[in-house]
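K.L.:
Input sequences plus hints: build the corresponding full structure.
Read top to bottom, the protein sequences are chains A and B. Its first residue numbered 0, the first sequence is counted upward by one per residue in numbering that gives the first Met the number 0. Its first residue numbered 0, the second sequence is counted upward by one per residue in numbering that gives the first Met the number 0.
Simulated from the structure, these hints should not be mistaken for laboratory data. In this text, a Cβ means the ideal position worked out from N, Cα and C, and glycines have one as well. One thing to keep in mind: the hints can contain errors.
[Claimed, not checked] If you anchor each label on the Cβ, the simulated ranges turn out as follows:
1) B/33 x A/16: 30 to 38 Å
2) A/24 x B/63: 56 to 64 Å
3) A/180 x B/12: 46 to 54 Å
4) A/182 x B/8: 52 to 60 Å
[Unchecked claim] Here are some chain B residues pointing at chain A (derived, C-beta under 7 Å):
5) 21
6) 26
7) 35
8) 39
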Amino acid sequence: MARMKFLCDAERCIECNACVTACKNEHEVPWGINRRRVVTINDGQVGAEKSMSVACMHCSDAPCMAVCPVDCFYKTEDGVVLHDKDLCIGCGYCFYACPFGAPQFPASNASTPDGRATDWFGARGKMDKCTFCAGGPEENGSEAEFSKYGRNRLSEGKLPLCAEMCSTKALLGGDGDILADIYRERVTVRGKGSEVWGWGTAYGKPEQQSDAGSAGKQTERSS
Amino acid sequence: MKFVISAVVVAFVVVFQIGCSEPSQGVEYQDGRYAGKPDTPNWEGAAFDGNRENWEREIKRRTRLQSEYTRPGGA
Ligand code: SF4
Ligand code: SF4
Ligand code: SF4
Chain A
0 MARMKFLCDA ERCIECNACV TACKNEHEVP WGINRRRVVT INDGQVGAEK SMSVACMHCS
60 DAPCMAVCPV DCFYKTEDGV VLHDKDLCIG CGYCFYACPF GAPQFPASNA STPDGRATDW
120 FGARGKMDKC TFCAGGPEEN GSEAEFSKYG RNRLSEGKLP LCAEMCSTKA LLGGDGDILA
180 DIYRERVTVR GKGSEVWGWG TAYGKPEQQS DAGSAGKQTE RSS
Chain B
0 MKFVISAVVV AFVVVFQIGC SEPSQGVEYQ DGRYAGKPDT PNWEGAAFDG NRENWEREIK
60 RRTRLQSEYT RPGGA
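P.N.:
The following block contains the structure:
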């Protein structure tokens, strides 16, 4: 069983925002909502600037699902976190719970009857977020599904458009195990090793000691 | 009056508790079958005609195509 995930390679993202544009166009996402955004740090600093494309990460342990008071989220068999707009009450809890700011609310609904903009509790309209291009609870590929959640590419055997059209292949989407293999191969080609996926970071940097230690042992063994 | 106050307090507590609930965050299965909210699976449709294996094969094939090191004609 495929387990759908995204992976964005910060060494490759060139902040072109094509993923953002493709998503908006593919799903006819309303004004005020960006299901995907590109975040850049150290902007303009040569060598230190990094960009990363962010949308819903379809978390394995999704905080948005945990907090929704009307339980409108569900996870499909392939690990995609979807929600039911017919149930959503627009409370915004999921927005506060999500570490990536993925849930979005239509700006047009966030106004008082006399037209003043507001973000009052409950005045946000139905939540919208990245669907991994997998639509929603309505029938696959139906008009109703498209109008609420956008196109259902997964049911056509296609991957998320944002990832499939990324020109540098910084943004990858699809089966998590295969994505991990692709990324592992990339970092190996770049001449990196285990420090990239966390061992060195998580357990400190004892390499010099252990190098010295193992060198010592080798010397011992060879003597 | 007392009754009204108690009713309001009970209603408040119930609503407050709903706000503090924590629905499950995993894929729900029962007897080895998907038992989450109803949604047509991706393989049930015109493109795959209910053939799950074909759908998975196609998705994995397209996922692999994202690597220019392994795709035909890649670097
Ligand atoms: S909306 Fe946020 S918390 Fe929920 S699955 Fe997506 S990234 Fe995770
Ligand atoms: S805004 Fe909608 S989806 Fe988000 S927590 Fe509230 S009811 Fe649930
Ligand atoms: S997977 Fe689809 S819905 Fe999600 S950001 Fe990409 S294009 Fe948009």
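K.L.:
A separate judgement is required for each hint: does it hold in the structure or not?
P.N.:
So, going through the hints one by one against the coordinates:
1. B/33 x A/16: 30 to 38 Å: holds, 36 Å
2. A/24 x B/63: 56 to 64 Å: violated, 26 Å
3. A/180 x B/12: 46 to 54 Å: holds, 51 Å
4. A/182 x B/8: 52 to 60 Å: Given range 52 to 60 Å: holds, Cβ gap about 54 Å.
5. 21: holds, 5 Å
6. 26: holds, 5 Å
7. 35: Holds, about 5 Å.
8. 39: This interface hint holds because 5 Å falls under the 7 Å limit.
When the structure is compared with the earlier hints, a violation turns up for hint 2 alone.
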